[in-house]
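K.L.:
Residue numbers (the numbering used here), protein chains in the order written: chain A, 915 to 1454; chain B, 915 to 1454.
Hints were generated in silico from the structure; no laboratory data involved.
We treat Cβ as the ideally placed atom computed from N, Cα and C, and that holds for glycine.
Some hints could be false.
Claimed, not checked - Residues from chain B shown here face chain A by an in silico Cβ test under 7 Å; the list is partial:
#1 A1080
#2 S1152
#3 R1153
#4 G1161
#5 R1184
#6 S1215
#7 M1307
#8 T1323
#9 A1327
#10 T1407
#11 P1427
Protein chains: 2
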Amino acid sequence: MGGTRSWWGWGHVEDAVGGAELDTLLRRVRAALPDAELTGHRPPPVASLGLPPSRAVVPDALAPLCSTEPGDRAAHARGKAFRDVVRNLHGDLASVPDLVARPRHERDVVAVLEWCTGRDYAVIPYGGGSSVVGGVEPRFDGHPAVVTLDLERLDRVVEVDTISRAARVQAGVLGPHLEDQLRPHGLTLRHFPQSFAFSTLGGWLATRAGGHYATVLTHIDELTESLRVVTPSGISASRRLPGSGAGPSPDRLFLGSEGTLGVITEAWMRVRPRPRWKAAASVHFETWPAAVAATRDVAQSGLDPANCRLLDAGEAFLNADVAVGGGVLVLGFESADHPVDAPLRRAVELARAHGGTVPAGRGRSAGRDGGDAIPDEAGAGAERAWRAAFLRMPYQRDALARHGMIVETFETACTWDRFDALHHAITEAATGALRAVAGAGVVTCRFTHVYPDGPAPYYGVYAPGRWGSTVAQWDEIKAAVSEAIVAHGGTITHHHAVGRDHRPWYDRQRPDPFAAALTAAKSALDPAGILNPGVLLPAR
Amino acid sequence: MGGTRSWWGWGHVEDAVGGAELDTLLRRVRAALPDAELTGHRPPPVASLGLPPSRAVVPDALAPLCSTEPGDRAAHARGKAFRDVVRNLHGDLASVPDLVARPRHERDVVAVLEWCTGRDYAVIPYGGGSSVVGGVEPRFDGHPAVVTLDLERLDRVVEVDTISRAARVQAGVLGPHLEDQLRPHGLTLRHFPQSFAFSTLGGWLATRAGGHYATVLTHIDELTESLRVVTPSGISASRRLPGSGAGPSPDRLFLGSEGTLGVITEAWMRVRPRPRWKAAASVHFETWPAAVAATRDVAQSGLDPANCRLLDAGEAFLNADVAVGGGVLVLGFESADHPVDAPLRRAVELARAHGGTVPAGRGRSAGRDGGDAIPDEAGAGAERAWRAAFLRMPYQRDALARHGMIVETFETACTWDRFDALHHAITEAATGALRAVAGAGVVTCRFTHVYPDGPAPYYGVYAPGRWGSTVAQWDEIKAAVSEAIVAHGGTITHHHAVGRDHRPWYDRQRPDPFAAALTAAKSALDPAGILNPGVLLPAR
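Assemble the whole structure, with the sequences as input and the hints as a guide.
P.N.:
This is how it looks when you write it as structure tokens:
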């Protein structure tokens, strides 16, 4: 997994899309969107960015943790959303952290918070930097300096309890390195967000990340046994408990707090044996309503598949190489304890009752499996193709961004009774905005997670942009779809967090008394107001 | 389900233990504890209690909601713990609410909070009054008056969304009346705490009640889609969402807040079709360690049984009429969608691998079932006997309390790696305290819920007391076991809540920064500090 991290875009420089892959990608875009200009642009060299000098005054004791190297500051200036990448490509780094601090242990985190509280420096906790909502960007400059606190050195699995199937893990560990450390114990966290390779446990916890499981244990919240959080007012360490009813859950206050209440330094996580049995199938539908109805039946069946991903026709065609009228439902079951053919059969039966068909040869498979670090459901053709594309998507997004394309995603969740109206409103808003800002474009939909009471739909947008204007174009599209989401009963985010970008809509969906309670809690924990200003709550 | 509610003890007066049932009960006690005195005592008449006059000044507009009737005030003076019942039996009502207000709709709740905020009256939100932790008791009298806010008139299912399988329910509805209203829709909440008949949805939500499911969806939290809460600072209404990652969960702040942050007036709850397939089995073990190991294997198998209750030998003998050396594991699966014989077979196989045996004739059954309002797993003999005893237990507890017995329960949860030491410490502390205060006694254990990372053990204590001293005797036992729980990594409560009685130990297990955050949140929502003073946080 080694490589050179890109300062401006996703992942490793060495893995960027090029050569034949780029040719194919551009050819496909030209076929779908003949008006796209598709001129290639290069990222500017870091030396040309002209970053302002660091304003931070560093105490000697903390100097060994701190970097003011321009490439480091530039790489930590923002997350990895489309609008982040494009602004980087244009050399637009108006706002960068004054320095990057890399604590070696929890005491360093305490020391950095003390230092910054004393000097009123803003502190931005930073995991893998994969935020797509402005969660790590020093956008509101009301402080004399901004320190990005990068936890990458806190990357160890400290303790494994094989009896209770839990592991004590430092927050700065990246996904693959976490799995590498669990593998010798035969265990896995089995939390695989799309950002897996370049996001950290602490980031997943702070943003309530969505992971591998399509049903029941969908968010990282459910895999969390206890948390350790350094706040400016002291360390909060919750008790390792499988369940408790003692007052409101302390962990649930910090899960989703996005670095505004404290810095998560470690957690006891619920882990599990690697799956030995898997069974998967893809079911094709002629119409989207039939596909949705079938997915709802499966979601409400109590079968609780590990995978239950519905791709609409556009998503199936673009990313799974399947031509189908209505959609493809990818089902997967897995277990470390018992065969899972029977629940798969029943789920397929439910889907067939809505007119679903399982294509011969590539539809279904089952068997034993050693389990993989990277998710790879056994067998099902569409699922395999889709998984491979899934992990390449951010790299391809960057390649298309360099060619003036608008390529971005957004997601929500709602109850089933509202889905048709919400989906219609989102699609209308997105296509309307695309026509207005880009003349044309494609909107695709998939369900990443489903619940008995509703789905979590995830949308992709592809449109030809005007180089130099694609951020403004995207912002217009995003505002339109966000209005539709909030007006039709969805959440502004099912698993991408709030950050700074979702604030206007988050503020409208959040109950006012809860906002008051959260503001008060923040004042108690972070009285100087230095932690991630502007995220979740207004910057001062 | 009709009857006259007892002012001093559990449930309906008409259902009190008497006649042959009482004779049998006392005979069994005499056999186990020959030194028990077992003289019967009667509850005092309400008229003899000499309650102080009500201090509350009621505005005319609210007068129709308010009762100062002595029986009403006495019945609302405390919950239904052993120590509550015994104090009632002794006519010890030192502290009673000044009046009971019964809002007819949410506006009334708002009006009562405004009135009480203006006059600095304490307000105790009250559902079914089944607290066993001093959660509804006006113990700390720092206010000019105490108003108990009984939500019994808010008892309707307002709306049912059969598409999303959710129902909008008023908080004051008792369990059976809730199920009665869902039944015509073919739906059920399937949340059956032992207090089911005399506890309310709002009480379950405010205390994070544990319910029917032994695994996964154990707490009411997981069945909650959204909440509506009247706080003195405004109404908090969360959005109906199947899942969301938008900041810390607003609902999770109110779930478990025990009436200290606001009054829950209604909730959208996740409901489900009544189960059609059930399968159950009882597995007997010669030793307790084998029974525990088998239960852990089942809990970690991913089979997720609806029932997975381990009874130790004492519990099996006393409450399920089964003589066994180590314990009985009662397993149950259920589904509205598919047969559940296969997962039961696998769970039994796992249990057999630890030496478990399924007794011929009464061990196992499976079949279709219409579903019942009162939980009633199909078939398994021990389970059936245990269920029947389960619902009678509070009545029998009262009968024994009237005969000078100490009869009470307590519960916790811990990770599997700590269970043996915790169980040993609890058993030692309990038997030691029993010897010290009562000379003898019996301690039994069962698991009410199990998780992949640990069990929730539940203990029963039976000992001969000295009439007039049984509260003090129990308090000594309770303090000893609570110390053992907190010292050995358990939670002071898995599903009985904190109230006023668990405060000393809750304060020790709760992270200090979280306490500061919760205190600040309360100040923001309830600036006058009138809501349930002394619960979760110190009374002023």
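K.L.:
Against this structure, judge whether each hint is valid.
P.N.:
Consistency of the hints with the structure:
1. A1080: 5 Å, holds
2. S1152: At about 6 Å, which falls below the 7 Å cut-off, the nearest Cβ of chain A leaves the hint on S1152 of chain B intact, so it holds.
3. R1153: R1153 of chain B check passes; min Cβ-Cβ to chain A is 5 Å, inside 7 Å.
4. G1161: 5 Å, holds
5. R1184: Constraint on R1184 of chain B satisfied, holds at 5 Å.
6. S1215: Holds, about 4 Å.
7. M1307: For M1307 of chain B, the interface hint is violated, since the closest Cβ of chain A sits about 20 Å away, which is over 7 Å.
8. T1323: 14 Å, violated
9. A1327: Because about 5 Å separates A1327 of chain B from the closest Cβ in chain A, which is inside the 7 Å limit, the hint holds.
10. T1407: 5 Å, holds
11. P1427: The hint holds - P1427 of chain B has a Cβ within 7 Å of chain A, the shortest such distance being about 4 Å.
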